[in-house]
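Put the complex together from the two separate chains, hints included.
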Amino acid sequence: MKNYVLEVKNLSTSFHSGKKEIPAVENLSFSILEGETLGIVGESGSGKSVTALSIMRLIPNPPGEIIGGEILYKDSDLLKISDDKIRQIRGNSISMIFQEPMTSLNPVYTIGNQLSEALILHKNLSKKEAMAKSLEMLISVGVPLAEKRLRQYPHQLSGGMRQRVMIAMALSCEPDILIADEPTTALDVTIQAQILNLIKEMKDRMGTAVLLITHDMGVIAEVADRVLVMYCGRAVEYADARTLFKTPKHPYTVGLLESIPNIEGEKKELHSIRGSVPTPGQITEGCRFKTRCDFVMDKCITLEPPIFDVGESKVRCWKYE
Amino acid sequence: MNENILEVKDLKVYFPIKGQLIPKTVGHVKAVDGVDFNIGYGETLGLVGESGCGKSTTGRAILRLLKVNSGSVLFEGKDVLKLSKNQLKETRKNMQLIFQDPYASLNPRMTIGDAIEEVLLVHNFGTKLQRKERTEELVQLVDLSKTYLTRYPHEFSGGQRQRIVIARALAVEPKLLICDEPVSALDVSIQSQIINLLENLQKELGIAYLFIAHDLSVVKHISKRIAVMYLGKIVEVADSEELFRNALHPYTQALLSAIPVIDPDIRKERIILEGDMQDNIELPKGCRFNNRCMYAMECCYSEEPKTIDVGEGHTVDCHLYK
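Note that the protein sequences, when read in sequence, are chains A and X. Note that this note's numbering numbers the first sequence so that position 230 is 230, with each residue one more than the last. Note that this note's numbering numbers the second sequence so that position 24 is 24, with each residue one more than the last.
Extracted from the complex, chain X is given alone in its bound form (with noise of 0.2 Å):
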C-alpha cells in the first residue's frame, strides 16, 4: 500500500534561451534542476523560497502545464509525465491549481456560477439540475452565499474572489490542490480567513495540499512539512516544527532569522545574507548557496552536495552535515 499521493522524483524543467537575431536556442534557464519530494494523502506540504527559486514552475510541471525535461511525477502511482492526453485530463480531476492572483483567475465576462459550471462541463459532470446544485453547494462550502452566481467577479473584493477559485477548483473533487501563493496578494486580516478556510476543507475534505509560499510564517502554520527550495533544488526539508527549531541547512538558517518579529523587544540579531541569488542560467560550481553562505568551504566551490538524511524525515542538501 502506497501512502504517498504524489511522488515527484528527479523533476527537471529547463526553459530555452533563444538568441536574439537568430532564433536559436543559445542556453537555458534551469528553473527547476532535479527535485525530490513526496506528499501523503491527506498531507500539507510547504513549499518554500524566494522569487525565482522555481516553485511556482515546479507546481505547474506537476500539473503538466509546461513541457518537462527529464524525472517522473507519480500520482497514486502513475507517471502524469507519461499519460494520453485522455489518460491526464482524468488525472488532472484529482489534482487541482490554485493561483496568486486572484483577480486573474477569474474571467471578468463569466458569471460567478458559469465560470465554477465551466469545470463540470469540462469533466462531463452530471445534467444541468445537477450542475446547478453542485455549483450552489461549492459556494456555500466556502461561506460564500448562493446569491452570489448571477453575479460577475468584479462585484467582489479580492478575499472573496479567492473563495471563488478555491470553489472552482472543489468542483471535481480533486485529491491533491496545488496553492500557488494563494494569499500572497491579500491583506493580512484576510489572509487568516482564507487559510482557515483552507484548513477546515482540508479537515473536511480529506485533501493534500501543495503549499507554495514566501511566507514562512504561514506556511509554518498551514504545512505538516516544510521544503525548502533554492535555486531550482530543494535544499532542506523536515516536519515543520523541527524545520523552525532544528534549521540545518544555512539558507534556511537565514531565511528564518530574516522573518520579523511581532515584538519590538526582540530585535535580534538576525543573519543578514549577502548578495541575491546567483541566474540559474550558468549554475555555480558546487554548491548553489556558495556566494551567499557565512560557512562555505573548500569543497563546496568544487562538488555539489548529496542529500543527507538525518533522521526522522529531515533531509538536507549540505557538506557541513557529512
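Here chain A stands alone, though its shape is the one from the complex (with noise of 0.2 Å):
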C-alpha cells in the first residue's frame, strides 16, 4: 500500500484588489501518492500555477492570501509551519521547476554556482563537493559538455539546455515532491520530447513523485498517472488518467477534450466549448461553468455542484447527481 507524500485539503486561496477579495483557488484537495505524477490541467485563470505556489507557501502577501485548508507534508502542516521550516523544505524536500527557463535563472552567475548554491544550504557541502555534486546532474539530465557549461552563464544555453539546468538543480537535493508549472510550454516539440522523457526519467531513477502543471492535455495523457481537471479555481474532475481520456464526464473535460484537433482518423469540425473563461469573480453563484455548458439545468445557475462519485471518477457536476 502507498503512502500519501503530499495531501491537499480544502485550500483556498484569494487575492485582494481594493477592497475586494478575489478568489483564484476555492476549496481544492487532492493528494500525491509516493512516486506517482499527478497532472493538473486547465486554461489559463483556473488556478493551476496558484496551487502550485500555495503549497511552496510562496504566493505574495499582499495581494495573496491563503485563507483557508490544509497541506499536509509528513505529519505537519505546511501552512502552519514556521518560515523557517519552510525554507528548509522549498527547494530541499519539495522543489519547483517553473515555465520559462529563460527568466528562472540569475543572468549574472554561472550556472555551476547556481547548481550549487541549495546543495551548499541544505545538504551542508563544502563549495568543492558541491560542484562535484552538480558535475553529477547536470550529466545526469544529459547536458552535452557538463564540466564546460558549469562555468558558462544562462544566456549561453539554448532554451531546451536551460529547462535540463533547472531539473538538475531541483533534483540536485533528491526531493520527495518535484513541482512542475508548465514546465515545456515554452519549448519546441522535440524539445518538449526530450524534456518530458527526461523527467519520466529521473522519476523512475530516484522516486520522486512530480506535480505536473499544464494546459496541454497531451502531454498529461503522456505521462501523468492521475488527473486533476481544474476550471476556475475549482477541481471539477478527478480521475486516473485512463478513466479521464476513456470516459470523460464533466462537460467542461468532454468539451476540452473535443477541441483538439485529432491527428489521427478523419477530418471533422472541431468542437468548441462557447464563450470564453469568467473573470476570476465574475459567476459567484452556481455553477462555475453554467455560461458555457451545454447541458445547464435550472439547478446549475443557482446552486454549486458537490463533488460526486461516479465510478472511480469524482466529478463536480449535477448531471451526476
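For the record, the hints were derived by calculation from the structure and aren't laboratory data. Among the clues, some could well be false.
Heads up, simulated DSS-like pairs for lysine-lysine below, C-alpha to C-alpha not over 30 Å straight-line [said to hold, decoys possible]:
#1 Lys148/A x Lys18/X
#2 Lys322/X x Lys67/X
#3 Lys268/A x Lys18/X
Now the in silico label distances, taken between C-beta atoms and shown as ranges [what the hints assert, rightly or not]:
#4 Glu136/X x Pro62/A: 55 to 61 Å
#5 Thr111/X x Gln282/A: 20 to 26 Å
#6 His271/A x Tyr103/X: 50 to 56 Å
#7 Ile301/A x Phe125/X: 32 to 38 Å
Quick reminder that beta carbons are idealized off the backbone N, C-alpha and C, glycines included.
Here it is as C-alpha cells:
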C-alpha cells in the first residue's frame, strides 16, 4: 500500500484587489501518492499555478493570501509551520521548476554557482563537494559538455538546455516532490519530447513524486498517472488518467478533449466550447461552468454542485447527482 | 491560366550581424535560405517548423515587410519584390497578415471601430457612411456584436481580440491571408473557435491561407498541404494526409513522433531527436539536419541534398531518397 506524500485539503487562496477579495483557488482537495505523477490541467486563470505556489508558500502577500485549508506533508501542515521550517523544505524536499527557463535563472551567476547554491544551503556540502555533485547532476540530465557548462552563464545556453539545468537544480537535493509548472510550454515539440522523457526517467530513478501542471492534454496523457481538471479555481474532475481520457465525465472535460484536433482519423469540424472563461469573481453563485455548458439545468444556475463519485472518477456536476 | 495565387521562388532573407565596436557587418543570419512553395487560389498551405527556423520571416518577406536578399515572390503573376511603392500598396490590399499576439496587435488607445476603419481609410474606401457600414458588416462576419465597435481592446478577451484582428485583416477583401501563429497564444477551448471561424470564412469568401504554426495537429486540421521548414529551408512538402501517413524526411518523422497523443494507452516509442537546432550563422556543410539525424550518411556531411519529387506533389530534401 502506497502512502500519500502530500495531501491538500480544502485549500482556498484569494487575492485582494482594493476592497474586493477575488478567489483564485476555492476548496481544492487532492493528494499525491509516493512516486506517482499527478497532472493538473486547466486553461489560463483556472488556478493551477496558484495551487503550486500555495504549496510552496510562495504566494505574494499582499495581495495574495491563503485563506483556508491544510497542506499535509509528512505529518505537518505546511501552512502552519514557521518561515524557517518552510525554507528548509522548499528546494530541498519539495522543489519546483517553472515555465520560463529564461527568467528562472539568474543571468549574473554561472550555472555551477546556481546549481551548487541549494546543495551548500540544504546539504551542508563544501563548495568543492557541491560543485562535484552539480557536475554529476548536469551529466545525469543529459547536458553535453557538462564541465564547460558549469562555468557558463544562462544566456550561453539554449532553452532546452536551460530547462535541463532547472531540472538538475530541482532534483539536486533529491526531493520527495517535484512541482513542474508548465515545464515544456515554452519549448519546441522535439525539445518537449526530450524534456518529458527526462522527467519520466528521473522520476523512475529517484522515486520522486511529480505534480505536473499544464494546459496541454497531450502532455498529461503522456506522463500523468492521475489527473485533476481545474476550472475557475475549482476541481471539476479527478480521476486516473485512463478513466479520464477514455470516459471523461464533466461537460468541461468532454468539451476540452473534443476541441483538440485529432491527428489520426478523418477530419471533422472541431467542437468548441462557446464563450470564454469568466474572469475570477465574475460568477458568484451556481456552477462556474454554467455560462458555457451545453447541459445546463435550472439547478446549475443557483446551486454550486458538490463533488460526486461516479465510478472511479470524482466529478463536480449536477448531471451525476 | 495560372492556378497559383502565390509562387515563392528561391527566397532568401539574410540579417546582417554588426560588430560590437565597429559597426561593420561581420556575418549574416541566414533566416530564410532558398525557400520555394506555391499556394493555389482558396487553398490553405500550412508552414510548420520549430522556433528560429524562419517561418515568420518567410511570412513577412512575402508582404515585403522586410528586406529580401534575393528570389521572387509572384502574387497573381506579379513579382511583389519588384513593385513600386504605389503598386505595392495596391497589392497589399490583396494580401493581409494576422499575428500571433492579439494583445500586441491592437492599439490600446483606439476603439475597435476606429482600428478597423483605419484600414479602410488607408486604402481610400468609400465615404464615411460606407465605411461605417462595412465595419459593422465585418464585426458580424467574425461573430461579434456591432455594439462592440465603440469599445477599447482591453475590454476584450484574447479570443475576441483575435476575432477583431481577423475582421480588420478582412476589411479590404484580401485574396490571401498570412496567419502567423494565429492560435498559439489562445487557450484550447478558444483555439478551436478561431480555427472553425477561419475555416468558415474560407468557405464563404474563398480566401487562400498561408497558415504558419508550430503545432502540427492544428496545422493538419486546417491545411490541405503542409510544408515543413528546418533552418531556413523547406525540407518536405506534401498533402497533409499524405504527410502524416508517409513522412519521408527524418526531421518530419521525428516531429510527428514528438506530438503527444491524447490516449494514455498509447505511450508510443518516440523518435527523440538529440541536441538542438544549429544556429543559422555558420551553416553546417552538407545537409542542415546532419547533426541530429539518425540516418546521416557520409554524403550528408559533404553535399547539400536536392529537392526530390516522389510523386503526387510530395517533395523531400534528403539523400535517402536519391
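Could you tell me which of the hints above the structure violates, numbers in ascending order? 2, 3, 4, 6, 7
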